[in-house]
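*Asks:* One letter stands for each residue in the lines below.
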Amino acid sequence: MPEPVGSVAEQPALSPSHPDGTATQRQPDAAGTRGCPAPPSGAPADALAERVRAAADGLAPLVAQAEAVRAERARSQAWPRWTDVFTTQFTEFSNRPR
Amino acid sequence: MPRWTGMKGVVDIPSYVLMQPTTLCNLDCAYCYLPHRTTERRMPVAVAEATARTVNAWAAQVDRFSVVWHGGEPLAAGREYLSALMAPFAKGIEHHVQTNATLIDDQWCEFFLAHEMEIGISVDGPAELTAQRRDRRGAPAYERIMRGVDALRRHGIRFAVICVVSDPRPELGRRLYEYFCELGCYWLGINIEEREGVNGRDNSRDPEAVRGFWAELTAAWRENPCMELREIEWSLYYLAAALRGEEDTVLPRRRDPVPTIAHDGRVVLFSPELAGFDSAPRYGDFALGNVLTTPLDEIVARAESPTGWLAEYFAGVEKCRATCPYFGFCGGAHASNRYFEFGRFDVTQTQHCLNTKIHLLEGVLDHARASGVRR
Numbered sequence: 001m002p003e004p005v006g007s008v009a010e011q012p013a014l015s016p017s018h019p020d021g022t023a024t025q026r027q028p029d030a031a032g033t034r035g036c037p038a039p040p041s042g043a044p045a046d047a048l049a050e051r052v053r054a055a056a057d058g059l060a061p062l063v064a065q066a067e068a069v070r071a072e073r074a075r076s077q078a079w080p081r082w083t084d085v086f087t088t089q090f091t092e093f094s095n096r097p098r
Numbered sequence: 001m002p003r004w005t006g007m008k009g010v011v012d013i014p015s016y017v018l019m020q021p022t023t024l025c026n027l028d029c030a031y032c033y034l035p036h037r038t039t040e041r042r043m044p045v046a047v048a049e050a051t052a053r054t055v056n057a058w059a060a061q062v063d064r065f066s067v068v069w070h071g072g073e074p075l076a077a078g079r080e081y082l083s084a085l086m087a088p089f090a091k092g093i094e095h096h097v098q099t100n101a102t103l104i105d106d107q108w109c110e111f112f113l114a115h116e117m118e119i120g121i122s123v124d125g126p127a128e129l130t131a132q133r134r135d136r137r138g139a140p141a142y143e144r145i146m147r148g149v150d151a152l153r154r155h156g157i158r159f160a161v162i163c164v165v166s167d168p169r170p171e172l173g174r175r176l177y178e179y180f181c182e183l184g185c186y187w188l189g190i191n192i193e194e195r196e197g198v199n200g201r202d203n204s205r206d207p208e209a210v211r212g213f214w215a216e217l218t219a220a221w222r223e224n225p226c227m228e229l230r231e232i233e234w235s236l237y238y239l240a241a242a243l244r245g246e247e248d249t250v251l252p253r254r255r256d257p258v259p260t261i262a263h264d265g266r267v268v269l270f271s272p273e274l275a276g277f278d279s280a281p282r283y284g285d286f287a288l289g290n291v292l293t294t295p296l297d298e299i300v301a302r303a304e305s306p307t308g309w310l311a312e313y314f315a316g317v318e319k320c321r322a323t324c325p326y327f328g329f330c331g332g333a334h335a336s337n338r339y340f341e342f343g344r345f346d347v348t349q350t351q352h353c354l355n356t357k358i359h360l361l362e363g364v365l366d367h368a369r370a371s372g373v374r375r
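From first to last, the protein sequence lines are chains A and B. Numbered by the numbering used here, the letters in the first sequence go through residues 1 to 98 in order. Numbered by the numbering used here, the letters in the second sequence go through residues 1 to 375 in order.
The hints are simulated quantities; they were obtained by calculation from the structure and are not laboratory data. Treat the hints with care, as some may be off.
Computed Cβ-Cβ distance ranges for the label pairs, DEER-style [unchecked claim]:
hint : chain 1 : residue 1 : chain 2 : residue 2 : range
1    : A       : E50       : B       : R137      : 50 to 58 Å
2    : A       : A71       : B       : T307      : 41 to 49 Å
3    : A       : A68       : B       : R169      : 24 to 32 Å
4    : A       : E67       : B       : R253      : 20 to 28 Å
5    : B       : E182      : A       : E50       : 37 to 45 Å
6    : B       : A46       : A       : P61       : 48 to 56 Å
7    : B       : R253      : A       : A60       : 24 to 32 Å
8    : B       : A127      : A       : E67       : 18 to 26 Å
Cβ coordinates follow ideal geometry from the N, Cα and C atoms, glycine included.
Please put together the full structure from these sequences, using the hints given.
*Replies:* Structure follows, in structure tokens:
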């Protein structure tokens, strides 16, 4: 584990090369974007839907469990959960029940 | 790949705002992104009053609206001061606080109950896994966090947890899940450590280890769904839609601007982590305005005609939309991750995308495939 950023003293300004002066920033590709490479499985980039369908047997009980616990929470707490009404980006701040 | 249609444009009324009552934090966690956390800069009450003028009007038009008190460490502002900041907001607006829990005592619990606050705490697992959470002398914060948790339990106050994982690996998934079931939180969100703000540590991780972590977390939740598990449940929500061939219906049609009101009234949209940086090369301070001089709704409306970094960010989102098969799951790389990893906003895939979106979804699929074979 690398050591933490040196000092927690006030950081007067942001530098894109990072305030600790040691980290190397990642570089975009020549097109100015990094692009989205093939998925980790090595399958073609447009094959996510196919991989989902291929996992359907194993997904079915998981999806059923997720729907059941969500329905139970909605009943017991009388409001939709955040997973039911997903109105924000997927951030750490989406911690209110929705 | 579907033609993704979600997350176009910005909603007129956000679902919540984040408020920074103070920049100060009493801890000095190794992975913290916050600048100015050693300095106490309190939010003037006038900032809360100016924010509330817009928020109260918004809240009157929707079923629910939340104010999230974030930091620094929001409880470091003190009860009396936080109460003064909360006072301008209309009754019925929900107040939330994300805290390191070390300052929670019986008096704070009474405050939470009196104000009907929702509590989120930050803890990373058992003591040895929470070792990066420490004070400025380097002393571990874990025991103080647990005293805060004990106080919440005594008062019957439910709490959510944000857990930062710096070293995701398969065996950690189950261990953490079982720990948090025991802890008794009702909701758990996992943040793989991010490279952002003043934390310049490399966030590249072994893809197989990260996928294995998420797969094992899925397995643990499946065996005992004792709490709401943000990442896994959201993944399954998306995957259920994908199985129906409706994966393009999952994202909101328009993006929530997530306004963050910094201690001095400056407003940053979309990525709270960008607040507090005053002179970023090429971008300035990322703020779109200040509530002390411009109504918050006018500031938010500026996102409809973006300039500067915001225009660059939206261009980056469109690149994600055009190229990434996971766009319907995440809505595009977060602004702060783009900036802090690449120094610009018009890039696409970040390491954060990989750790927290792509490997997550693939890890859940890995578990599903493995369990499907066993059935």
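*Asks:* Which of the numbered hints are not met once you compare them with the structure shown?
*Replies:* Per hint list: single violation, 8.
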